[in-house]
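Chemist: Read off the chains here:
There are 6 protein chains.
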Amino acid sequence: MNKRILASNHLGIKRFFALDSRAYEKGALDTKTKELLGLVASTVLRCNDCITYHVIRCVQEGASEAEFFEALNVALIVGGSITIPHIRRAVDVLDQCRQKQKRHEKIVL
Amino acid sequence: MNKRILASNHLGIKRFFALDSRAYEKGALDTKTKELLGLVASTVLRCNDCITYHVIRCVQEGASEAEFFEALNVALIVGGSITIPHIRRAVDVLDQCRQKQKRHEKIVL
Amino acid sequence: MNKRILASNHLGIKRFFALDSRAYEKGALDTKTKELLGLVASTVLRCNDCITYHVIRCVQEGASEAEFFEALNVALIVGGSITIPHIRRAVDVLDQCRQKQKRHEKIVL
Amino acid sequence: MNKRILASNHLGIKRFFALDSRAYEKGALDTKTKELLGLVASTVLRCNDCITYHVIRCVQEGASEAEFFEALNVALIVGGSITIPHIRRAVDVLDQCRQKQKRHEKIVL
Amino acid sequence: MNKRILASNHLGIKRFFALDSRAYEKGALDTKTKELLGLVASTVLRCNDCITYHVIRCVQEGASEAEFFEALNVALIVGGSITIPHIRRAVDVLDQCRQKQKRHEKIVL
Amino acid sequence: MNKRILASNHLGIKRFFALDSRAYEKGALDTKTKELLGLVASTVLRCNDCITYHVIRCVQEGASEAEFFEALNVALIVGGSITIPHIRRAVDVLDQCRQKQKRHEKIVL
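Residue numbers (our numbering), protein chains in the order written: chain B, 10 to 118; chain R, 10 to 118; chain L, 10 to 118; chain Y, 10 to 118; chain G, 10 to 118; chain E, 10 to 118.
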């Protein structure tokens with residue numbers, strides 16, 4: 010569907026998508042930290058598709074179990090119990106990634 | 010005003026405030042990273058008081074100019090132009106902290 | 010300013026304002042309970058003007074200190090630490106109302 | 010389900026539903042413009058059911074491809090990347106409407 | 010999935026879940042009132058999982074049809090038409106509970 | 010403060026600001042319509058600085074009183090009573106602009 014949106018050839022939308030990708034590239038902060046920032050932002054704003062994306066990216070960047078739960082705890086405290094269904098989603102995606110890793114499968118978006 | 014709220018002796022509220030403090034303590038993630046998570050969460054949720062708090066804490070934990078702007082850029086991309094007035098606030102508080110640092114004043118909450 | 014808005018003679022807006030008033034009138038639920046519902050909704054949505062309004066209305070309807078803090082605790086748990094500046098506002102307005110009551114002043118909107 | 014809700018005979022809810030319908034009727038602004046306003050509001054507030062409704066109504070009112078993408082771009086810029094899953098939904102509904110139009114099927118809510 | 014999250018042994022998350030449960034226990038306000046507060050907060054924040062939970066709890070606490078619709082009307086007025094899909098969900102869950110009650114089935118979470 | 014933010018030389022933030030400006034330029038939709046989209050989006054997201062900006066821009070683009078109130082009514086219906094303080098702000102800024110126009114003063118951002 011992203012391809013379909015880009016195929017609309019709306020210049021503003023295309024450029025926004027490019028900025029979106031670049032925001033998570035390594036700079037003064039490493040990519041893992043930026044993806045954790047994206048995960049917490051997505052969790053407090055309660056967007057399941059965005060959470061799924063950032064959990065997978067965090068796994069790809071090597072985030073540990075403890076790092077995940079500490080980041081999700083910040084989101085829970087800032088955003089309250091309304092985030093709980095989304096924290097469930099994050100942990101569910103995380104568990105699926107871990108099972109793939111045990112089977113030596115590649116984690117892809 | 011936090012003292013006044015705690016003086017209400019509502020156990021749930023007191024315990025929440027304790028959990029809130031602990032969420033940013035050093036663990037698998039260091040405090041600076043956790044405060045950056047708090048800053049991005051506060052910015053996308055657009056809470057100026059929370060932004061002020063986390064900017065000061067990030068400065069105290071030694072966050073660099075580049076780290077601040079990369080974190081704020083993640084917030085801007087995730088949260089959109091509606092966050093711009095709050096990014097202005099963050100940068101304003103940051104500048105005030107930097108001026109205090111130049112004058113060798115202590116950065117306090 | 011509400012008078013100015015109603016003076017615009019936009020029928021939809023006028024009718025909305027009427028529905029808004031009626032939503033808090035006594036029915037199966039009493040007015041105090043409905044105002045507490047309005048207070049919690051305003052707190053999790055983080056609207057200071059709305060919080061001020063509903064705190065005053067709750068005081069007028071005889072809400073006790075314990076009822077206030079239990080309702081605000083629900084808002085804090087559901088909405089997270091991002092609601093704290095708004096809970097401060099609620100308690101500040103409550104304290105002002107209590108001082109007026111001690112001086113036997115009328116609590117007006 | 011709307012019928013079920015109206016069958017509850019709650020006067021406030023019934024009147025709100027009536028105001029909701031009237032808000033999009035032709036006035037100083039034409040219906041297409043008002044439905045685009047509804048679409049952008051629904052996208053930044055991230056409500057898929059509301060987006061689906063307003064996309065269909067915009068198609069019925071003759072909105073062009075370019076008008077859709079320009080309105081969605083405003084929503085994307087204002088609301089940020091968190092709106093992307095909802096912009097995908099809008100474009101998906103739009104494509105379904107266009108295919109129905111090609112087959113000369115009626116576009117119904 | 011809550012069990013899985015608690016099994017992570019993150020102390021902050023565990024304690025938050027405990028505070029969440031306690032927030033709805035009988036105090037100065039009775040449990041039914043607190044669950045109605047939770048229902049309205051969940052509706053204006055538009056969280057279907059949370060709405061489902063609080064509707065069931067309100068039914069268990071004996072909330073009447075009129076009490077439900079008056080609380081949902083407050084949510085609709087405060088939160089606007091964007092809450093309508095969530096009010097539909099609330100009424101759908103309510104109807105399912107009422108059918109279970111007619112068949113003398115137990116209402117469980 | 011926008012100058013200060015751009016002076017940070019963060020490429021992503023600079024490009025976002027450019028996209029933000031371009032989103033409201035005349036295309037298939039005229040500028041007045043796009044500014045009304047921005048106004049409604051800002052009102053339902055409840056950002057006073059953004060509302061002030063878009064009201065002024067709408068006045069500059071020649072929006073009539075009726076067009077303003079119809080757009081604000083859509084925002085009120087979609088976003089609920091929680092938007093009322095922000096609709097007050099919009100009308101206040103509008104009135105200030107109209108007074109400037111009566112005195113033949115230029116309306117500037």
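It should be emphasised that the hints constitute simulated quantities derived from the structure, not laboratory data. Among the hints, erroneous ones may be present.
Since the list can't tell identical chains apart, any single copy or any two copies may satisfy a pair.
Stated by the list, open to error - Straight line, CA to CA, 30 Å or less: simulated DSS-like cross-link-like pairs of lysine-lysine:
# : residue 1 : residue 2
1 : Lys12     : Lys115
2 : Lys23     : Lys12
3 : Lys12     : Lys109
Chemist: Indicate, hint by hint, whether the structure satisfies it.
Modeler: Going down the list of hints, with the structure as the test:
1. Lys12 x Lys115: both (23 Å within a copy, 27 Å between copies)
2. Lys23 x Lys12: both (10 Å within a copy, 25 Å between copies)
3. Lys12 x Lys109: both (27 Å within a copy, 21 Å between copies)
Figure legend: structure checked against the earlier numbered hints; every hint is met.
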